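Colleague: Single-letter residue listing:
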Amino acid sequence: MNSNMPDDDTLDRQFRRFLDLRAEELALAAAPASAVAALMTREPRESGRRPVIRTALLAAAIALVALAIALVEVGNRPPSPLGARSTPLSVVWSPDGAKLAFFALTIDATASPTTAARELYVVGADGSGLRRLDSRPTRSAFDAFEAGGLAWAPDARHLAYSVAPAARDGSDVAIVGLDGSAPIQVTSSGDARPIAWSPDGDRLLYGRSGDLGNDLYTVAADGRDVRQLTIDHRAQGGTWSPDGSQILYEDDVVGGTQQADSATWVMAWDGSGKARLGPCCSAGWSRDGRYAYLDSGGLGLLAVPADGLGPSRPLVDLDQNSGWLLAPDGVTVAVSGDAGIVVRGSDGSSTSVTSDAYDSLLGWSPDGKYLAFLGNRAVSAGLFSVPATGGPPTLVAANAWVEGNPWRPGSDGVDRLVFVLDGDVVSAAADGSGLIRVVRREIATAGDGGSVTASGDRMVIGPDGPDRDLYSIPLGSSFAFTFENRTDQPWVVSFPAMDLFQGDCHESNGAIISLASYVDPPSPARNDPDTPPDACVIGPHTTMSVDQPFIPNGAIRLLVFPLIAGGAPGVPGHVVTVYFVAPGGS
Amino acid sequence: MSVVEPTTDGTGATVAALDAATLSSFVEAHYPRLIRLAALVCDDATDAQDAVQSGLERAWRKRSTLRDQDRLPTWLDRIVVRESIRVSRTRRSWTSRLFSSVREIEVDIVDLRDSNRPGDEWLDLRTAFARLTADQRAAVAIHLYCGYSVAETADLVGVPVETVRSRLRVARERLRSGLGEAH
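If you read the protein sequences in the order shown, they are chains A and B.
Residue 567 in my numbering sits at position 566 of the first sequence; the count goes up by one each step and never skips.
Residue 45 in my numbering sits at position 29 of the second sequence; the count goes up by one each step and never skips.
Just so you know, the hints here were simulated from the structure itself, not pulled from any lab data.
Since this is a predicted model, take the numbers as computed values, not measurements.
Some hints could be false.
[As the list claims (entries may be wrong)] Estimated spans, in silico, between C-beta atoms of each pair:
| hint | chain 1 | residue 1 | chain 2 | residue 2 | range |
| --- | --- | --- | --- | --- | --- |
| 1 | A | D180 | B | R87 | 53 to 63 Å |
| 2 | B | R185 | A | G411 | 37 to 47 Å |
| 3 | A | S35 | B | V166 | 33 to 43 Å |
| 4 | B | E189 | A | G392 | 34 to 44 Å |
| 5 | A | P464 | B | T38 | 29 to 39 Å |
| 6 | B | R181 | A | A512 | 35 to 45 Å |
| 7 | A | L213 | B | R185 | 55 to 65 Å |
[What the hints assert, rightly or not] Derived contacts from chain B toward chain A, CB cut-off under 10 Å, selection only:
| hint | residue |
| --- | --- |
| 8 | S40 |
| 9 | S41 |
| 10 | P48 |
| 11 | I51 |
| 12 | L53 |
| 13 | L72 |
| 14 | L160 |
| 15 | A187 |
| 16 | L195 |
Quick reminder that beta carbons are idealized off the backbone N, C-alpha and C, glycines included.
Turn these sequences into a full structure, and let the hints steer you where they fit.
Modeller: Here is the structure:
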């Protein structure tokens, strides 16, 4: 605060003067009382009909004109806020590093029943020109939480993304241009997800599952010329070769007969010339496109000639439990496993970068000099960067929420990463400096006025859902959180990122709450016993504690939704974020 | 206040069925106060007008249920504030917010230069005010503009007193920062 700032009483007087002026100004802009009285006396309305439809239509028309103006005038503006109750998801850099695209789940708890929309936004890397490209109602938080499937065209002129149908299960693929054109829905049945654009940006590769299984398709950027590339309903994956002439994928059908194991296949861009390359699973291409990389599990990472001619050669030995990321040079690999993160060179060299088995690899910097990972250290849990040659990790941001590779692409993009923090879309330099709130979101709590505090380890669930959407708990040796259900119905708390074990959830009297796994739309009938459990159900007017001797790397997100008997399409849930606060920190 | 006489039918009949002259006097009597209150909550004249009209219609239909006519202004304030919050939340889409927060401010700059109103500090303050949520603006408008106590504000909005205190605190902080940018 400015040291010359007046005291509270003086400020309130200034506020009141401002409010007087603002009220007068707006009142002058509104219709006079006589006009409103005339409207009310001359226009009988049916009970329940919304008033002043014409005014609303006029306002909508004005808003459309305003939107058109806004779409044209996307200059260097300060960051525009997202509304409260909006949760950014799946933030993805454009290929040139100039823009960011992301989904936002927006909850309207004031509607009855509560509604939710999944919106697609694009914004300049500096926060300018925030635009909403699409907005659709979503039936539940599941739809939004599993947003994924957001793919930039290489020329950054189109975005492909998944949309959740309002009237059925599954997912569709849509394409939208950044020129202000309307979104084009590519599919309208089954469960379809965008995979990747061809390197020239002309075609989108996507997968679509029907009753019989999954096949691969491509479609032109204008939504026309859909081509089905596989027909055996068993195709998975899909990776374009660097020149766009071939696609690598997995399939377990040979000669019309389903095999015990999937294999890695290659085909031409139009689906012709299918050939089996080796064991499952595809892992990418060498930079020159001559080799397909296969993650063969026990045999490690193999380089297989894409034309099938010549011997395969091992690239890196991999433990079956290891995660790995290919470096931009196409030959160096970062491996995360029990020994932490290790960088393995094509020359057989091995460099230990970190030693924590729980570090989660996120991505290589574009120049291959740094790695980003989610880690849990004494100082904090969150997003770290570390030199690929080894050295002390640097905390970029505590409690950052990251999906995918956070590094900004492009030749000059070595220094910035993007993540979600406090509900804002944020970017920062690799050392944590230069933090930019690219898109700000209003602080959101059901009661409003809240912010992240170190004592926020208790969620109160009311009719409108959780009392806030940001919580924090002390960073320590365990996860401990209390949930109080003050409603007359059961609520589900799902922990998608955590491995729950029986006994983790219990009532205040110590009674153990059984684990469950709900599928969309949530209902008692849709508790899937074959899916690993990740949820606990809080009974009406019950307090539940969750204790788990493990804290994930950085912020976690929970799904909280009402459990409606018989299923309840149209009853969305809430996505809440739990932060971890270092002792003495904030 | 006893501007409005209770209806004899008490059925909540449609507006068209009721006496136009009485309705007009009802609107004329309360509109000036309510439009200012709604305007502050919505921070938008059109939304405010819709909210007041909707609130007055609802109040007119339900006025026979109000036994103590002295409580009419407070009752109307309650209805209009809640309607304003609802309208602001549902009607005011992101696009219109973008419109008002950017285009309106540009217009305001011209307006202020051409008028004798206070100087630039109000630009920052109005920007900060526009960025408050409808709930926060409602708390500020009811408490600071209308002069209701915190407890009365909580009653009007229908939330706990602590929630109102919290909203006022956050709103003050944000307005303070808006004011601070100009100091």
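Colleague: Run every hint past the structure and note whether it holds.
Modeller: Right, here's what the structure says about each hint:
Separated by about 56 Å at the C-beta atoms, D180 of chain A and R87 of chain B satisfy the suggested range of 53 to 63 Å. Taking the beta carbon of each, R185 of chain B and G411 of chain A are about 43 Å apart, inside 37 to 47 Å as hinted. Between S35 of chain A and V166 of chain B the Cβ separation comes to about 36 Å, which falls inside the hinted range of 33 to 43 Å. Take E189 of chain B and G392 of chain A: their Cβ atoms lie about 41 Å apart, and the range 34 to 44 Å holds.
Here the CB-CB span from P464 of chain A to T38 of chain B is close to 38 Å, well matched to the stated 29 to 39 Å. For R181 of chain B and A512 of chain A, the Cβ-Cβ distance of about 36 Å falls inside the hinted range of 35 to 45 Å, so the restraint holds. At roughly 59 Å, the beta-carbon separation of L213 of chain A and R185 of chain B lies within the given 55 to 65 Å, and the hint holds. With a cut of 10 Å, the hint placing S40 of chain B at the interface with chain A holds, because the nearest CB-to-CB distance is about 4 Å.
For S41 of chain B, the interface hint holds, since its Cβ comes within 10 Å of a Cβ in chain A; the closest pair sits about 8 Å apart. Look at P48 of chain B: its Cβ gets to within about 6 Å of chain A, closer than 10 Å, so that hint holds up. With 10 Å as the threshold, the beta carbon of I51 of chain B comes within range of chain A, its nearest partner Cβ sitting at about 5 Å, so the hint holds. With a cut of 10 Å, the hint placing L53 of chain B at the interface with chain A holds, because the nearest CB-to-CB distance is about 8 Å.
A least Cβ separation of about 7 Å between L72 of chain B and chain A falls short of the 10 Å threshold, and the interface hint therefore holds. The interface hint given for L160 of chain B is met, as the beta carbon of that residue sits about 5 Å from the closest beta carbon of chain A, less than 10 Å. Checking A187 of chain B against chain A by beta carbon gives a least distance of about 8 Å; that is within 10 Å, so the hint holds. Taking 10 Å as the C-beta contact cut-off toward chain A, the hint placing L195 of chain B at the interface holds, the least distance being around 7 Å.
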